[in-house]
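Listed below, chain by chain, are the residues.
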Amino acid sequence: MSEGPDAGRLPRRVRKVGAQLVTRLWDLDVSGLEQLPSDGPAILCPNHISFLDSAFLTFTLPRNISFVGKAEYMDSWKTKFLCPAMGMIPIDRTGGTKSAAVLDAAEAVLRRGELFGIQSEGTRSRNGSLGKGRTGATRLAMTVGCPIYPVGIIGTDGIQPPNARAPRLRSAVRRSRSDT
Amino acid sequence: MNRGAEHLAWRSMIDEVMFEIRELSGQEYVNRYHGDEADSEPVVMAQVGHVADAVSAARELGAAADG
Chain A
17 MSEGPDAGRL PRRVRKVGAQ LVTRLWDLDV SGLEQLPSDG PAILCPNHIS FLDSAFLTFT
77 LPRNISFVGK AEYMDSWKTK FLCPAMGMIP IDRTGGTKSA AVLDAAEAVL RRGELFGIQS
137 EGTRSRNGSL GKGRTGATRL AMTVGCPIYP VGIIGTDGIQ PPNARAPRLR SAVRRSRSDT
Chain B
49 MNRGAEHLAW RSMIDEVMFE IRELSGQEYV NRYHGDEADS EPVVMAQVGH VADAVSAARE
109 LGAAADG
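Each protein sequence line maps, in turn, to chains A and B. Going by this note's numbering, the first sequence opens with residue 17, and the numbers climb by one from there. Going by this note's numbering, the second sequence opens with residue 49, and the numbers climb by one from there.
Worth double-checking, as some hints may not be accurate.
[Unchecked claim] Now the stretches of chain A that chain B is said to cover, found in silico as 3 or more residues with beta-carbon under 8 Å:
no., stretch
1, 49 to 63
2, 66 to 75
3, 88 to 95
4, 148 to 159
[Claimed, not checked] Between beta-carbon pairs, the in silico distance windows are:
no., chain 1, residue 1, chain 2, residue 2, range
5, B, Gly97, A, Ser47, 26 to 36 Å
6, A, Pro177, B, Val78, 33 to 43 Å
7, B, Val96, A, Met158, 36 to 46 Å
8, B, Gly97, A, Leu98, 25 to 35 Å
9, B, Ala53, A, Ala180, 37 to 47 Å
10, A, Gly144, B, Ala111, 45 to 55 Å
11, B, Glu71, A, Gly161, 24 to 34 Å
12, A, Pro177, B, Ala113, 31 to 41 Å
13, A, Leu44, B, Val96, 33 to 43 Å
[To be verified] Stretches of chain B that chain A covers, calculated by requiring three or more beta carbons in the stretch to come under 8 Å of a beta carbon on chain A:
no., stretch
14, 59 to 65
15, 100 to 112
Think of the hints as simulated: they come from the structure by calculation, not from any bench. Just so it is clear, CB atoms sit at the ideal spot from N, CA and C, and this is done for glycine as well.
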């Protein structure tokens, strides 16, 4: 992630192109965006039901957002360029100090006054249920002193279920709401 | 704030966030981590033993040994 004068330019372009693409391919219903601050740090906590969740959220937000994504995405030719361009912070899920480093990177994002997204369930739901949340987001929010916005995503599991290789053309719904 | 109290505060906050996400997404909430296989295995419930059970079990064993 660059911190120079051009910081955020590439994610902004990717977001713009991505937004045009997803709104043509799928019928999106987005609400609650007016509750997001136009600047300043904030953490978005969506549920996680599909690989597409982070992408759909990124492409429909009015601001750049950095997301946590599993480090394995950096090994695949399909995602190794797109994910960093979208601002993904890779997380090594073997645990220990490697995953702790992600919180440091996330804190730096928030200290710059940017948005940070993290799926508190830690991994995709395989059965549609909402799992117990991990405390990384709240630790960050208390450290930085920023709000957390819960986000509910509906329908992306119908477009690309956890084991599907490619997305299907269908409709999706996303809702967002603030909570400090 | 000591570490225990701090962790309780983090847990309480994230539980509140998950409750809001449940309201927004309509998903069923399960109080366990995804991918936590130990939790998905069948659980054998422990039972508190009673003296009477132990006495009757000893009698049954004694009767079996005599017989």
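Hints, verified against the model:
Counting residues of the stretch 49 to 63 of chain A whose CB lies closer than 8 Å to any CB of chain B gives 3, so the stated coverage by that chain holds, three being the minimum. As drawn, the stretch 66 to 75 of chain A meets chain B at 0 residues by the rule of a beta-carbon pair under 8 Å; below three, the given contact is violated. Note: the stretch 88 to 95 of chain A has 0 residues with beta-carbon separation from chain B under 8 Å; the three-residue rule is not met and the coverage is violated. A stretch counts as covered by a chain when three or more of its residues have a beta carbon under 8 Å from one of that chain; for the stretch 148 to 159 of chain A and chain B the count is 9, and the coverage holds.
Checking the proposed 26 to 36 Å range against Gly97(B) and Ser47(A) shows it is violated: the Cβ atoms sit about 56 Å from each other. At roughly 19 Å, the beta-carbon separation of Pro177(A) and Val78(B) lies outside the given 33 to 43 Å, and the hint is violated. The beta-carbon spacing between Val96(B) and Met158(A), approximately 41 Å, falls within the hinted interval of 36 to 46 Å. For the pair Gly97(B) and Leu98(A), the supplied restraint of 25 to 35 Å is violated, since their beta-carbon distance comes to about 60 Å.
At roughly 44 Å, the beta-carbon separation of Ala53(B) and Ala180(A) lies within the given 37 to 47 Å, and the hint holds. Between Gly144(A) and Ala111(B) the Cβ separation comes to about 54 Å, which falls inside the hinted range of 45 to 55 Å. In this structure, Glu71(B) and Gly161(A) meet the distance hint of 24 to 34 Å, their C-beta atoms being roughly 25 Å apart. A hinted range of 31 to 41 Å for the beta carbons of Pro177(A) and Ala113(B) is inconsistent with their spacing of about 60 Å.
Distance hint check for Leu44(A) and Val96(B): the Cβ-Cβ separation is about 55 Å, which falls outside the suggested range of 33 to 43 Å. Counting residues of the stretch 59 to 65 of chain B whose beta carbon lies closer than 8 Å to any beta carbon of chain A gives 6, which reaches the threshold of three, so the coverage claim holds. Three residues within the 8 Å Cβ limit are the bar, and the stretch 100 to 112 of chain B against chain A gives 0, so the coverage statement is violated.
When held up to the earlier numbered hints, the structure conflicts with 2, 3, 5, 6, 8, 12, 13 and 15 and fits the remainder.
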